[in-house]
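Engineer: Top line first, the protein sequences correspond to chains F and P.
Position one of the first sequence corresponds to residue 262 (our numbering), numbered consecutively onward.
Position one of the second sequence corresponds to residue 352 (our numbering), numbered consecutively onward.
Note that these hints are calculated values from the structure, not bench results.
The beta carbon of each residue, even a glycine, is placed where N, CA and C say it ideally should be.
Since no wrong hints were added, every one of them can be taken at face value.
Now the in silico label distances, taken between C-beta atoms and shown as ranges:
1. F:293 to P:540: 42 to 50 Å
2. F:267 to P:415: 54 to 62 Å
3. P:446 to F:267: 26 to 34 Å
4. P:553 to F:293: 25 to 33 Å
5. P:589 to F:325: 31 to 39 Å
These stretches of chain P come out as covered by chain F in the derived footprint (C-beta under 8 Å, 3 or more residues):
6. 475 to 482
7. 556 to 567
For lysine-lysine, the following DSSO-like pairs were computed, each having C-alpha atoms within a straight-line distance of at most 27 Å:
8. P:528 to F:267
9. P:601 to P:461
10. P:559 to F:311
Residue strings, one per chain:
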Amino acid sequence: MSFPTKDQRQKCWGAKDKYWECLESSSEHQEACAELRTVYETLCPAQWVKHFDRKRSYLIFKEQIEKENNERVSTERS
Amino acid sequence: MSVFFSKMYKPMIGISSQFFKRSNINYQKTIRRYKTSLSRGVGKPSITWRSFIITTVFTGGLVYWVNLLREEKQKRENIERNRRIGKAAIGGPFELVDSDNTLRTSESFKGEWLLIYFGFTHCPDICPDEIEKMVKTVDIIDKNELVPNIQPIFISVDPDRDTPEVVGKYIKEYSPKFIGLTGNKEQVDKVCKAYRVYYSAGPQDEDKDYIVDHTIIIYLINPDGEFVDYYGQTRNAEEVANGIIFQMIKYEKLNKSSSLRFSSILKNSSNVQGN
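Okay, chain F solo, but in the shape it has when bound (with noise of 0.2 Å):
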């Protein structure tokens, strides 16, 4: 199995990013986006979803704790 060329790459990513602003805009439901979710799986080896869709839920996962983090210095603060 060869790796994934330049063209099939960039193919992968503008799904995964199409999926991505999906999730975003429905406010993660996930039904809504199962059209672009199953172009995404089909354009991406399966790794790479695997891969992204750990990566998506860490950059969650950290923008909540950022956030988090940010309330509770502005309200020490106030």
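Fit chain P to the known structure of chain F by using the hints.
Structural biologist: Using the frame of chain F, we list chain P on its own:
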């Protein structure tokens, strides 16, 4: 004053009174000479052109000499610092295979500046980003006529899948300037150990596909084959290029009798870098 003294001590020390008398006469003479010189010197500037030129040349020479000494000291300090920490910590000899199946050793790259990145061809996002960044950095360096060119190198940390042909095909997609290296597990382990690169293949799925977790660092190697600096993920192409240019000029200055062009740039860039 001396009149007063000579009177006072006359009864006590006869010989010294002679001395005081003589010195008193000498003193009077000096005063007279000074007064005449003053009356003669009216209207003359106290700083003449001659004395001004002599002072300037002398001061200039002194400043130049002090600078020279300081430069020498810096050179010695740099050499000493490299000897103590730089060389031993990271880098070392390696033997890998390029995309034409030719053996390439660290020795064969001597004389060139190298920018090395470790990755794998099935890498989902980080390697492509970092390699694209390296392409931009190398273009900036190669366009700059004041510094030498740099050779970008990709070393695979996935020896099982990344054969020389695969690596060659992969890396040429980014830039023809790149050299892609790989090897057997032993060879890859050796170079990773030398550069303190961690890598670990993740679990395989049904398609036997897997992701390799690895250190994301770009290494700068000088023409002597020594590790000089590293650049992490957070630095963009311009920042990396500036760092490299700074190191190249520093190297040039240390190794050759510095041309004026280089030394003036070094001064500017060292101000910017705060080193």
